[in-house]
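There are 6 protein chains.
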Amino acid sequence: MTPEAVDRALVREIVTRALAEDVGTGDVTTAATVPAGTRATARVRQKAPGVIFGLAAAREVFRQTDPAARFQPLVEEGVWRPDGPVLEVCGDAAALLVAERTALNLLGHLSGVATLTARYVQAVHDTGATILDTRKTTPGLRALEKAAVLAGGGANHRSGLFDAVLIKENHAAMAGGVGAAVTAARAHTPSLLIEAEVRDGAEIEEALAAGAPRLLLDNMSVDELRAAVAQVGGRAQTEASGGVTLDTVGEIARTGVQFISVGALTHSAPALDLSLLLTLEKDAPP
Amino acid sequence: MTPEAVDRALVREIVTRALAEDVGTGDVTTAATVPAGTRATARVRQKAPGVIFGLAAAREVFRQTDPAARFQPLVEEGVWRPDGPVLEVCGDAAALLVAERTALNLLGHLSGVATLTARYVQAVHDTGATILDTRKTTPGLRALEKAAVLAGGGANHRSGLFDAVLIKENHAAMAGGVGAAVTAARAHTPSLLIEAEVRDGAEIEEALAAGAPRLLLDNMSVDELRAAVAQVGGRAQTEASGGVTLDTVGEIARTGVQFISVGALTHSAPALDLSLLLTLEKDAPP
Amino acid sequence: MTPEAVDRALVREIVTRALAEDVGTGDVTTAATVPAGTRATARVRQKAPGVIFGLAAAREVFRQTDPAARFQPLVEEGVWRPDGPVLEVCGDAAALLVAERTALNLLGHLSGVATLTARYVQAVHDTGATILDTRKTTPGLRALEKAAVLAGGGANHRSGLFDAVLIKENHAAMAGGVGAAVTAARAHTPSLLIEAEVRDGAEIEEALAAGAPRLLLDNMSVDELRAAVAQVGGRAQTEASGGVTLDTVGEIARTGVQFISVGALTHSAPALDLSLLLTLEKDAPP
Amino acid sequence: MTPEAVDRALVREIVTRALAEDVGTGDVTTAATVPAGTRATARVRQKAPGVIFGLAAAREVFRQTDPAARFQPLVEEGVWRPDGPVLEVCGDAAALLVAERTALNLLGHLSGVATLTARYVQAVHDTGATILDTRKTTPGLRALEKAAVLAGGGANHRSGLFDAVLIKENHAAMAGGVGAAVTAARAHTPSLLIEAEVRDGAEIEEALAAGAPRLLLDNMSVDELRAAVAQVGGRAQTEASGGVTLDTVGEIARTGVQFISVGALTHSAPALDLSLLLTLEKDAPP
Amino acid sequence: MTPEAVDRALVREIVTRALAEDVGTGDVTTAATVPAGTRATARVRQKAPGVIFGLAAAREVFRQTDPAARFQPLVEEGVWRPDGPVLEVCGDAAALLVAERTALNLLGHLSGVATLTARYVQAVHDTGATILDTRKTTPGLRALEKAAVLAGGGANHRSGLFDAVLIKENHAAMAGGVGAAVTAARAHTPSLLIEAEVRDGAEIEEALAAGAPRLLLDNMSVDELRAAVAQVGGRAQTEASGGVTLDTVGEIARTGVQFISVGALTHSAPALDLSLLLTLEKDAPP
Amino acid sequence: MTPEAVDRALVREIVTRALAEDVGTGDVTTAATVPAGTRATARVRQKAPGVIFGLAAAREVFRQTDPAARFQPLVEEGVWRPDGPVLEVCGDAAALLVAERTALNLLGHLSGVATLTARYVQAVHDTGATILDTRKTTPGLRALEKAAVLAGGGANHRSGLFDAVLIKENHAAMAGGVGAAVTAARAHTPSLLIEAEVRDGAEIEEALAAGAPRLLLDNMSVDELRAAVAQVGGRAQTEASGGVTLDTVGEIARTGVQFISVGALTHSAPALDLSLLLTLEKDAPP
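Chains as they are written, first to last, in the numbering used here: chain G, 159 to 444; chain W, 159 to 444; chain L, 159 to 444; chain P, 159 to 444; chain D, 159 to 444; chain V, 159 to 444.
Worth flagging that the hints you see were computed from the coordinates, not collected in a lab. Just so it is clear, the structure is predicted and the values come from calculations on it, not from any experiment. One or more of the hints may lead you astray.
Calculated lysine-lysine pairs in the DSSO-like style (CA-CA distance at most 27 Å, straight line) [what the hints assert, rightly or not]:
no., chain 1, residue 1, chain 2, residue 2
1, D, Lys326, V, Lys205
2, G, Lys326, W, Lys205
3, D, Lys205, V, Lys326
Some chain V residues flagged as far from chain D (calculated, every beta-carbon gap over 12 Å) [stated by the list, open to error]:
no., residue
4, Arg217
5, Pro240
6, Ala333
7, Gly414
Don't be surprised by glycine CBs; every beta carbon is placed ideally from N, CA and C.
All chains, please: the whole structure from these sequences, using the hints.
As structure tokens, this is what we get:
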């Protein structure tokens, strides 16, 4: 519940890179027009319905351009609302102008992911299904996007290739069948989750016999899903994936699968609409 | 016309970071199931209409996981088509499996940006307007996204705060008016483009008098745009921004503005749908 | 089974850092004494009984100092033997001298970890217990050390704080008991292993009731371990830790625990004794 | 005497890397179980006899996970003692849990090096010999390990290939003999120490004649060492190396050599046994 | 006018690298001779006529070696003067000694660039010409050197290959003539300055017809320059380059060119002579 | 004599940084004007008398922009000559244009350092004095500049604060006199050169008595230097520094000092004048 402390170095690095990309050798407009010592207050506002996430990243942007800036969050992350104030930050006017776009880019993108997740979660709220993310994330931003999924009410699937076993068709083929693959994986990684993709009833039994604690039902029709869930009968967890949209997710959830993984959460979420307003302070100190 | 050579180090770094994020300490599934020495061919296919971009990034992903892999592009970047083969790569099967998701994530996202750009360009194709990107890009991916915009038929606005002057309302206020801001900027950066946001006829004249070569018309209605373009009368370039969608961009273009900048190109483009199929080779060399 | 491809970037980075540390601004001895163009062959030999691991790292060291060097492994990693040849590399003599110490440091340390692991594995070979490593690794070398543990016949516990839940006394206290902690963790991370430390029979039942798939029995006596294993009765996996030495590990294994985790594998393994012999080639090309 | 200020950037980098390795995308256990705002005090204790070193590194670990944590050292580095308190740190409970293992890994390893060094120094305390480290260090940790050797009462040999000349058999062979090698080195690097390995009386004279200020006596028996020291007769410094153990080092020192270099100090020091106890604060501020 | 905030990360990185290069594993002299806790004041003085620039870099050096040091600038950057105090900093004596050389190297070099620029600016002060820098900068220091040029009264040409188009002879040849090259560039980069090198009257007309806003007159004699400026007649900006020295720059300026670019500003500026005096404080706290 | 292999990683990093600085997001001029697949040959020529150094750095620049480029050195580094060809490289035309400025900047600067060093060495060629560099180097380029000094016939003083002890006035004051400082340093760093600044005859005796192997005579007049050298009488090495110019260095050398250190070699060397000519190949392959 205090993820912020944990990811600090990562956020710092992402922000440094994003600022480098935008600021490069310096903000020529600000250098030409803003008198040294000018102070201002920036207010960010949410302009469309959704869920805010990414305040720690935004705060870091302002901190890197003006270590002495005062940052005030004005919203609770992870809560759906129609619009409203997001944050307020007072500091050196030039630094705020330099930070503006990078802060909004991060906040808008992460809030977009949280918002789309919340829409999927809402669509299955009357079922027992959990919405999971995937590895279909934006290169360089996976950890932040996965945190945004949590903020939107979803849960995280594995972080990468290293922290869970997911046996797909190709792996099963090379290992000599899905059962053999599960057995090999259990010997190799006794401390990680093992999930196996199954395509029909025979594979379901083979994977269960080998001890797979979760089965992936990929690109199945709603009828196929329902049948597979029935066959598993609680002997393992079940996860649906493939062809999931806001229109279909409810029906899929009602087949009884426990998990539904959705690539769109992270690869196709539109940015949430935000604005930043700058107010100059009257009496700028030197 | 040979952008590939130019951005090599950047692509390398982005790919290294993306692989690190996904692979971490190793692909446990592959390690448990794929026999050493297995060789395979991966084929990527475009499954929805659009424009492919990002082959250099995809090639680099496969190169980093298997330096000896043979990579064959099967599509011309920047050309709209309904679907079709994208690339083929032969190499170590474990390495291909490790590369798969990172390659698809990059290719899908960049092709998504190119595709959305192409839609906007198509929507104004019977006008003289040029579609521009903005600084509303994904943190860490700006250069690649801007190249994707080019591939989609758009043109690039400034890369960041450093390579063009864009005087907005706040800058003008701090410099003592838009005219004073333009004059200050011309003295400070004689070798960069200077663009000034103008809100009404008086500011248009003030900016022109100070020698601004381009005017930004932000969040104006179509009627206001038309009037502003008429007033400028060719004395400077004009650029519209704000509230631009696929529905409105045609009408905006017909006001006679030369440039239309669209944040959505890079901050809200859905990924293009791609698939990867793996074929194992029969006789795996040791 | 092809971990090498997977960890390539990591090995490269570790080697670059190690070389930077040792070579700094250049090998002054070699610069003063070795004629340009001199070629040589280096042969590394194992001088004490144990298990070799780290050839990929050693190869990378030689590759970074002489990309054209020819590297020949002369031993199978992961196999116990009394002594024997390890590798042979031909190349620029100056480059070999620069690489020597860094290559031996990596190879000696990793082989030391593999060797100590093999001793523990041998000590429990007639039981069903699996030897696990811990997070007590050398800063900066965790992934390589965990690979060395695999080479020595052990298995890996979690890679870090991110890829499995391990609820210790403090976590349980803060979550309101071990059962509440397990329940919270299952909701938060449905795709990761959840292990809970239990101190007595009541906690065992509480953790099992909450659905913990593995229990950690820390610092228990052999009698306590035996009783705990009996109580669990196969309802979850069991893992012993604390106070494990080569003298005690056999007795611990015979209590019936499935896993025994041993910090010493990585924090106190002495380096394996290796030597490098350099032979100059007679006719040095220019 | 204020080495801390000097190595700050290096310590920061090593700690960042070690935390990244352990924390990755976040501590899932803590995130699931520790309420936000919980505060605690961590106390580290030395549980076995030895010398503590590495407080600056430990402090940096806690600083990176909680910049506001209060850190209190409770021991003087470099002093032998049976056991006792090491440090105390108050801060955010989640941050302390995240920091715990990384701090202990660094502190345990560096204190292990200092402790083993102190044992060697004690073994020669009644002779004039100085115990030196070597380049047989853990990749990535050389500077810290060399500081730990100082803390244990040893002295540092060269940092790497760049800051002293050490002419071994191979260099001498390539330069046309040890005398020629010393002469070449003196011309090439007039501002660095030059040491030459000598194998017999003739080479001793040759090296001395060429002006070598220190001679390396590698893998000699105690009798050979004694004879060599007598022959040198104070015309240069002498250093013994090879086959040095806690059992043999006293005898070696009594041959009259000035320096004894010991690889085991850094490549085979077992970690010093430390524990960390966490106490929660009753009234956690928000 | 507040460039300092903008370049913070860059300055930090340059200083970190410079300190790493100089300090390495630690200042052995200071470690051996300066008692812990000693405090001192360092005063930097300008000893030769010129313009000071680089205080932000110097401040960062002292900050990195002693975060608590108090730094006091004693000079206005960008102003010519014969000599005088530059800055004063109080802090840990060991840290000041570690920082001294790196701070002076940066300050001396950047002030050297500012000073040489000021000499060129002075030499054309009675003309309308602006002195520009070039891309002939010191690798790794371009942004700082370009800021020093501004401080010396010059203006900046493009930062690199990315932020302006400069069509030289080779580009024109490959594009099918200077006119075709200008046309291609205008289509490709509508938001960047386009400058074209022209060698004679025909090329001037060709470039102007294609819409080039600036012409480069490279290596022309004063008479050729005068004729070219006359022919252009205000239809575009003009820039002279090649063979510009302090002796010739005045004459070149009087041909009427608007810009004169001078590589020597950054590739051949001698360092400005500075000294640092250290005063120990009497009562050193522990 | 094979410094190239040794510094490879460093050269690579310096070149990567320099290219990043110049190329940024891409060479817009080349992208707009050079047809893909165009091939060319670049020839670099020395246009003023001096010593070439930096071919390894130049080669790395071309390698990074076109890994397949063929690079041919046409000059021996370290040899004085009036002018002549330097190198030739064939490859992708766009890549050569991207590399041109960075390669020339490195080569011009390093050759400038080698050339100025050669002038100083020539000025003392009829004495026994050795010209040394100092730590007054360009931030980020020290190792390359020190190699350039070697190429110019000079020798290197210490690389930084870490690889030799240089006791200056302040250190002596804090340690209780120059003799006490030398004694402390000998105990602290037995494997590094120890040099002490001495200001008069009493300090000379004090430093010699404490065993300093080299004395620094800073800012002494020629008469004072001669007297100091006489007093030392071969009991230690002597080094002059301060106020050394090409006009005074000969006279200083004839006082009998063994070493003369000259800051200007690295902080004030003008770049050597070089040009690059590009020839397009007729038949460009696709």
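For each hint, the structure was consulted:
| no. | hint | in the structure |
| --- | --- | --- |
| 1 | D/Lys326 x V/Lys205 | holds (21 Å) |
| 2 | G/Lys326 x W/Lys205 | holds (21 Å) |
| 3 | D/Lys205 x V/Lys326 | holds (21 Å) |
| 4 | Arg217 | holds (15 Å) |
| 5 | Pro240 | holds (19 Å) |
| 6 | Ala333 | violated (4 Å) |
| 7 | Gly414 | holds (26 Å) |
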